[in-house]
Amino acid sequence: MTKTNQPSRYGRQEIFYGIGTEGQEKIRKSRVAIVEMSAIGTAVANNLARAGVGFIRLIDGDYVDISELQRQSLFTEEDAREERVKAVALKKYLQKVNSEVEIEERITALDGSNADSLFEDVDVVIDATDSFETRMLINEACHALKKPWIYGGALAASGMVKAFIPGENEPCFRCFIGDEEYVPGETPTCATEGVLCSTTSMIASLQCAEALKILTGSKSIRKDLISFDLWDNSFDSFVIDKDPDCPVCRGEYSYYGKAAGAHTVSMCGKDSMQIIPKTEGEVDFERYAKILEHQGKVKYTQYTLDFDDGDVQIKLFKTGRAIIKHVTDEKRARAVYAEYIGL
Amino acid sequence: MKVLHNGEETEIPEGMTGIEFLRQFQYRRSMIKLNGEQMQTMTFSKVVLKDGDDIVVKRISGGG
Chain A
0 MTKTNQPSRY GRQEIFYGIG TEGQEKIRKS RVAIVEMSAI GTAVANNLAR AGVGFIRLID
60 GDYVDISELQ RQSLFTEEDA REERVKAVAL KKYLQKVNSE VEIEERITAL DGSNADSLFE
120 DVDVVIDATD SFETRMLINE ACHALKKPWI YGGALAASGM VKAFIPGENE PCFRCFIGDE
180 EYVPGETPTC ATEGVLCSTT SMIASLQCAE ALKILTGSKS IRKDLISFDL WDNSFDSFVI
240 DKDPDCPVCR GEYSYYGKAA GAHTVSMCGK DSMQIIPKTE GEVDFERYAK ILEHQGKVKY
300 TQYTLDFDDG DVQIKLFKTG RAIIKHVTDE KRARAVYAEY IGL
Chain B
0 MKVLHNGEET EIPEGMTGIE FLRQFQYRRS MIKLNGEQMQ TMTFSKVVLK DGDDIVVKRI
60 SGGG
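Respectively, the protein sequence lines represent chains A and B. Counting in numbering that gives the first Met the number 0, the first sequence runs from 0 upward without gaps. Counting in numbering that gives the first Met the number 0, the second sequence runs from 0 upward without gaps.
Don't read these hints as lab results, they were simulated from the structure. Honestly, I wouldn't trust all of these hints.
As the list claims (entries may be wrong) - Computed list of lysine-lysine pairs in DSS-like fashion (alpha-carbon distance at most 30 Å, straight line):
1) A:K212 to B:K45
2) A:K25 to A:K296
3) B:K1 to A:K241
4) A:K218 to A:K269
5) A:K330 to A:K269
6) B:K49 to A:K218
7) A:K241 to B:K32
8) A:K317 to A:K90
9) B:K45 to B:K32
10) A:K296 to A:K90
11) B:K45 to A:K222
12) B:K32 to A:K222
13) B:K49 to B:K1
14) A:K298 to A:K330
Said to hold, decoys possible - Each pair of labels, with its calculated beta carbon distance range:
15) A:L68 to B:T42: 41 to 51 Å
16) B:T16 to A:F131: 22 to 32 Å
17) A:F15 to B:T42: 21 to 31 Å
18) B:N34 to A:D120: 16 to 26 Å
19) B:I18 to A:E329: 26 to 36 Å
20) A:Q94 to B:E10: 51 to 61 Å
21) A:D120 to B:T16: 48 to 58 Å
22) A:F15 to B:T16: 44 to 54 Å
23) A:E132 to B:I18: 41 to 51 Å
Fair warning: this is a prediction, and the values are worked out from it, not measured in the lab. Just so you know, even glycine gets a beta-carbon here, dropped at the ideal spot from N, CA and C.
Just chain A, same shape as in the assembly:
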C-alpha cells in the first residue's frame, strides 16, 4: 500500500525480489520494440504494457483478419470486420490498459533500410515474426547496434525462446541456425502444421520474463535456448555455441543496411500477396479514391484505402505498400499493383 493507503499499480512486481521499486523504475524508463503484432507479438505487448514498460514500439504493416482471432488475443471481431490496421488497433487497446505507457505504432514492414530508425533508440527488441529472413535481419541489426533481442518461435504445440545478448563471446542467431539455406515449402510452418494459442502465449511469457531481466539489469538472464512441447509434455534446454566462422559475428551482413528494392511477400495464412515498392512515399488517398471510384468500391481511413471491383481487392497503405487479396501468384499480384496503383 502507498502512503495514501491506495494499492500501488505495480505493487505485486515491486514486492517481487527480482524487481523491487528500483527495478520498477528501470522498467518505467525503458524502451522496447516488438516486431510484428502476431499471436506472440500481441501477447508480449499486453504483458509489457501491464508491467509498465515506459515506451513500446509496435512494428507491423498488416491488418486484422478473422482467421487470426483464435490466437491473436487482443483483437476483436469488430477489428477483423473493419480490417483494422493491427498496430493501430493494438495501440488503442493498450492505451486503455495502461495510459502511463507511451505506445508508438509504426505501420511498416521491417527491412534492411529502416531497421536503424526502428531499433536504435530502444533497449530491447522482441521477435514476434513468422519469418526466418526477418529474424536474420533482426539479428544483424541488433548485432550492429549492440542491442539485445529475444527470439521466440512457435510451431503447433512446440516453441523455442532465446535471448541474444550482444558481446564478443556471445553466440548470435546465425551461430544457432547455421548456414543451411531456407527452402520454401521444406520447413513446416504454422500454416501447414497449425499452432495453439497456448503455445504462443507461453513463448510470449518466456520472452517477457527475459525482457524484464534485461531491462532491470538482472544477472539471471537465461543463456541457453528453451524448447518445449505442450502436447508431448516436454521441456528442454539446449546450449548454443558461438560459431567461429559466423559472418554476422564478424560484422558481415546480408540483410542489414541493404535496401530491399521493390519486392513481393506472401502473407502468412492470408492467401494474399504484399507488394512493397522500392521507394515508399505518402499516398494521397483522396486523389486515389477519385481515380479508383470509377472502377469499383473505394473506402479509406487515415491509414488504409480499400478497393474492390468484385474481382480485384486491394488494401493500400499510406506509404504505397499494398496487399493484393486472394492472390497467391507473384506475377498476378505485381500486375494488379501496376494496373490499379501504378505508383
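Dock chain B against the given chain A, drawing on the hints supplied.
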C-alpha cells in the same frame, strides 16, 4: 530395434545412422540430444544408433 524418439518408443532398422534417422523423419534445422547429451547435427549424423537409444530432436520453430 527400438529407440525412444521424443519420448515415444519407435522401431528403426538395425544399424541406422543419425543422418538416416534425420532423413527418415524429415528433420531439417533441428536441435538434437542423444541419451541426454546435446550433439551438433554433423556429429549425430555419423553416429550408428543402438537399441534403447533416447533421441530428442526439436525442430527450430519459426512461427509467430
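These are the hints, each one checked on the structure:
no., hint, result
1, A:K212 to B:K45, "39 Å, violated"
2, A:K25 to A:K296, "50 Å, violated"
3, B:K1 to A:K241, "34 Å, violated"
4, A:K218 to A:K269, "41 Å, violated"
5, A:K330 to A:K269, "17 Å, holds"
6, B:K49 to A:K218, "41 Å, violated"
7, A:K241 to B:K32, "18 Å, holds"
8, A:K317 to A:K90, "18 Å, holds"
9, B:K45 to B:K32, "14 Å, holds"
10, A:K296 to A:K90, "28 Å, holds"
11, B:K45 to A:K222, "28 Å, holds"
12, B:K32 to A:K222, "18 Å, holds"
13, B:K49 to B:K1, "8 Å, holds"
14, A:K298 to A:K330, "26 Å, holds"
15, A:L68 to B:T42: 41 to 51 Å, "44 Å, holds"
16, B:T16 to A:F131: 22 to 32 Å, "28 Å, holds"
17, A:F15 to B:T42: 21 to 31 Å, "41 Å, violated"
18, B:N34 to A:D120: 16 to 26 Å, "47 Å, violated"
19, B:I18 to A:E329: 26 to 36 Å, "35 Å, holds"
20, A:Q94 to B:E10: 51 to 61 Å, "57 Å, holds"
21, A:D120 to B:T16: 48 to 58 Å, "51 Å, holds"
22, A:F15 to B:T16: 44 to 54 Å, "49 Å, holds"
23, A:E132 to B:I18: 41 to 51 Å, "27 Å, violated"
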